[in-house]
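Work out the full structure: start from the sequences and follow the hints.
Read top to bottom, the protein sequences are chains E and X.
Mapping to numbering that gives the first Met the number 0: the first sequence position 100 is 99, numbers consecutive.
Mapping to numbering that gives the first Met the number 0: the second sequence position 121 is 120, numbers consecutive.
Quick caveat, the hints were computed from the structure, so don't treat them as lab data.
Check each hint, because a few of them may be wrong.
A few chain X residues that face chain E, going by a derived Cβ cut-off under 8 Å, partial list only [claimed, not checked]: (1) Thr85; (2) Phe93; (3) His95; (4) Asn156; (5) Val189.
If the Cβ cut is set under 7 Å, some of the chain E residues that face chain X in the computed set are [claimed, not checked]: (6) Ala111; (7) Ile200; (8) Leu204; (9) Pro225.
The calculated lysine to any residue pairs, modelled on SDA-like cross-linking and capped at a C-alpha distance of 20 Å, are [what the hints assert, rightly or not]: (10) X:Lys109 to E:Phe219; (11) X:Lys353 to X:Gly316; (12) X:Lys109 to X:Ile73; (13) E:Lys199 to X:Ile73; (14) E:Lys199 to X:His95.
A virtual CB, placed ideally from N, CA and C, is assigned to each residue, including glycine.
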Amino acid sequence: MTTAQSPTPAPPVRSLPPHVRGWLLIAPTLLLLTVLLIIPLILVVITSFGARDPNGNVIYTFSFANYLRLIGITDEGFDPLYVEILWRSVALAFQTTLLVIVIAFPLAYFVARAPARRRNLFLFLILVPLWTNFVIRIYAWIMILRSQGVLNGLLGWAAGLAGLPFQPLDLYPSPGAVLVGMVYEFLPFMILPIYTSLEKIDESLFEAAADLGANAVRTFWRVTLPLALPGMVAGTILVFIPVMGTFIVSDILGGRQVILVGNLIQRQFLDARDAAFGSAASIILMVLTLVVTVFYTRRFGFGEEIVSA
Amino acid sequence: MPEFAVELRDVSKRFPGPSGEIVQAVRNVSMQIRDGEFFSMLGPSGCGKTTSLRMIAGFELPTEGEIYLHGKPIGQTPPYKRPVNTVFQNYALFPHMTIGENVAFGLEMKGVPKSERQARVRQALEMVRLPGYEARRSRQMSGGQQQRVALARALVNRPEVLLLDEPLGALDLKLRKEMQLELKRLQREVGITFIYVTHDQEEALTMSDRIAVMDHGVVKQVGLASEIYEEPNCRFVADFIGETNFIDGVVASVDGDGYGEFVAGELRFIARVPAGISPGRKATLTVRPERVQILRDRPDGRPNTFVGSLRESIYIGTDTRFIIDLSPTVQILARQQNALPIGMPVMEGPAGVKLWVTWAPNSARILVE
Chain E
0 MTTAQSPTPA
10 PPVRSLPPHV
20 RGWLLIAPTL
30 LLLTVLLIIP
40 LILVVITSFG
50 ARDPNGNVIY
60 TFSFANYLRL
70 IGITDEGFDP
80 LYVEILWRSV
90 ALAFQTTLLV
100 IVIAFPLAYF
110 VARAPARRRN
120 LFLFLILVPL
130 WTNFVIRIYA
140 WIMILRSQGV
150 LNGLLGWAAG
160 LAGLPFQPLD
170 LYPSPGAVLV
180 GMVYEFLPFM
190 ILPIYTSLEK
200 IDESLFEAAA
210 DLGANAVRTF
220 WRVTLPLALP
230 GMVAGTILVF
240 IPVMGTFIVS
250 DILGGRQVIL
260 VGNLIQRQFL
270 DARDAAFGSA
280 ASIILMVLTL
290 VVTVFYTRRF
300 GFGEEIVSA
Chain X
0 MPEFAVELRD
10 VSKRFPGPSG
20 EIVQAVRNVS
30 MQIRDGEFFS
40 MLGPSGCGKT
50 TSLRMIAGFE
60 LPTEGEIYLH
70 GKPIGQTPPY
80 KRPVNTVFQN
90 YALFPHMTIG
100 ENVAFGLEMK
110 GVPKSERQAR
120 VRQALEMVRL
130 PGYEARRSRQ
140 MSGGQQQRVA
150 LARALVNRPE
160 VLLLDEPLGA
170 LDLKLRKEMQ
180 LELKRLQREV
190 GITFIYVTHD
200 QEEALTMSDR
210 IAVMDHGVVK
220 QVGLASEIYE
230 EPNCRFVADF
240 IGETNFIDGV
250 VASVDGDGYG
260 EFVAGELRFI
270 ARVPAGISPG
280 RKATLTVRPE
290 RVQILRDRPD
300 GRPNTFVGSL
310 RESIYIGTDT
320 RFIIDLSPTV
330 QILARQQNAL
340 PIGMPVMEGP
350 AGVKLWVTWA
360 PNSARILVE
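Structure representation (structure tokens):
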């Protein structure tokens, strides 16, 4: 009755053309995104083609030197330093995502199949670690992994009981420690979307599969997993992208051994004071992330198609 | 000894309830379902019909007793090893598969080769009148169509028994009536034993060869549709199926031919009486409203003839319902079909008008709980 399209005359103030109203509605968001995202991004792009003067200020020129340096082309010939960093970042992001899926799926399944009144408690427990500061949680892993740490202590104690010789494992700092830290850090972001997908599956679908002759294993592969795919896709996007750019985990647990793009960018801006080169690295990181994400979502979608049924 | 498609012998099912108590869903149920029949389990919600069906399917295991499928005990067999298939109330079609993949799923699990699978899926979809729907997805289909797909998905496996759990519950009335006839046709065509769970008595009467009426986890009566309706063995069955009159009173005398005299206050009735009931027992007399005849004048020499005063007459389209007081405590409901040509005088009158009612002794039954 009160829609503006109705033939009965509406108050003149409210009868703005639909497209004008649409623009008005998105204006606040648009403004925010323009000021805080689009303009800074353009500045980063412009800076990335610049150079550094001896005082660490940006000289605005148009040169591909920063990009060439990133892919290893220098005046002295091929230098694989930055290519290795980029490759390490992508590989670590893939490893992290894969491990997180493998660990998150059973957890999410367990929560989704738990009695309804217990599910909230479990979800709460999954979220509790997020209340602690990110950096402190990563520092906690130093306590666990270092040579006189909790893990080596336990192993030494167990070895002592069994009467075996024990040499503390050299777990920290190491690339492995960085991987553990990343997996730990991003696990909740995979559990929650997978849980949401699993929780939506109607119990009768499992019964229907069993009724049609599928045992538990085949039901899992043919029904449970495909229906949880949207959650895994959403979780992958939530995990892969931040892992690509994070520098704190590798900084703390890698002990300067593990340098990722994130660390590279941070150091260029703060230590080396080469904002132009840092900007170029940022752009490369964005492009890499975008390429992987686009490829992935082309293949699996954003994870909304199946759920809507 | 007759071969039964499904037999339940002293089956009980107990669940732990939400607050730790034990819920007994099914109590010592024994049923024999014949090969090739359309068998319905009918009862109000919570009567144990769905639990019984789920035990036959294998989704629940009986706490006690055994279930036989063509003579073989299957009570503890997991569902995927039972040669029965189920049509679920909410259809339970796999949303990530096409209709063709859904229907082929059971065949695929059995290892039927792909070419045969395709042919059988096509056949099954033709049987439920959805030819060529293989590539569609369930969310593009109406409830009635999804129902047919669910049927095709079950029947394509040629199960020994097809289990249907209130499959028409989510459909609107018109579609439901259509599907009832369609189901009956399909059952005759494929000759498979159907076990059908419903709380809708009309649906059960329309489709079933035999019906089991259940209440509180117990089977009250098993019989042909006409037996259940015309010869209920207890007050619950008479009450649950259709409309009926109940008159509370006492059995006065019993003759040897299955008839007895029944007294309620001043009124004396002749009615059929089950064997084993002795005079003096408190009982209930039941007579269906459509068996009660209404007359303006006293009929001659008929038993069960009473005079009463009209309390109310209600026109309901096909019928008119009359509520008549026979005594201060006994009221009777009668139904007359509006079958006379329109314009002919109908039986009606102001409240309080004097009318005669009568029914044949074999239309009324004496029931004890």
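Each hint, compared with the structure:
For the restraint placing Thr85 (chain X) at the interface with chain E, the shortest Cβ-Cβ distance is roughly 5 Å, inside the 8 Å limit, so the hint holds. For Phe93 (chain X), the interface hint holds, the least distance from its beta-carbon to any beta-carbon of chain E being 6 Å, beneath 8 Å. A distance limit of 8 Å between C-beta atoms decides the matter here; for His95 (chain X) the minimum to chain E is near 5 Å, and the interface restraint holds. Annotation: Asn156 (chain X) was flagged as interfacial toward chain E, and the flag holds, the nearest CB pair being 7 Å apart, inside 8 Å.
Hint on Val189 (chain X) is violated. Least Cβ distance to chain E is approximately 17 Å, over the 8 Å limit. Against a cut-off of 7 Å between C-beta atoms, the interface hint on Ala111 (chain E) is violated, since the closest Cβ of chain X lies about 17 Å away. Checking Ile200 (chain E) against chain X: minimum C-beta separation of about 9 Å lies over 7 Å; hint violated. For Leu204 (chain E), the interface hint holds, the least distance from its beta-carbon to any beta-carbon of chain X being 6 Å, beneath 7 Å.
Nearest Cβ of chain X to the Cβ of Pro225 (chain E): about 5 Å, under the 7 Å cut. The hint holds. Simply put, Lys109 (chain X) and Phe219 (chain E) have alpha-carbon atoms about 17 Å apart, close enough for the 20 Å limit, and the pair holds. For the proposed pair Lys353 (chain X) and Gly316 (chain X), the alpha carbon gap of about 24 Å is over 20 Å, so the pair is violated. A hinted pair counts as satisfied when its Cα atoms are at most 20 Å apart, and Lys109 (chain X) with Ile73 (chain X) qualifies at roughly 19 Å.
About 32 Å separates the Cα atoms of Lys199 (chain E) and Ile73 (chain X), which puts this hinted pair outside 20 Å; it is violated. Between Lys199 (chain E) and His95 (chain X) the CA atoms are separated by roughly 13 Å; this keeps the pair inside 20 Å, and the hint holds.
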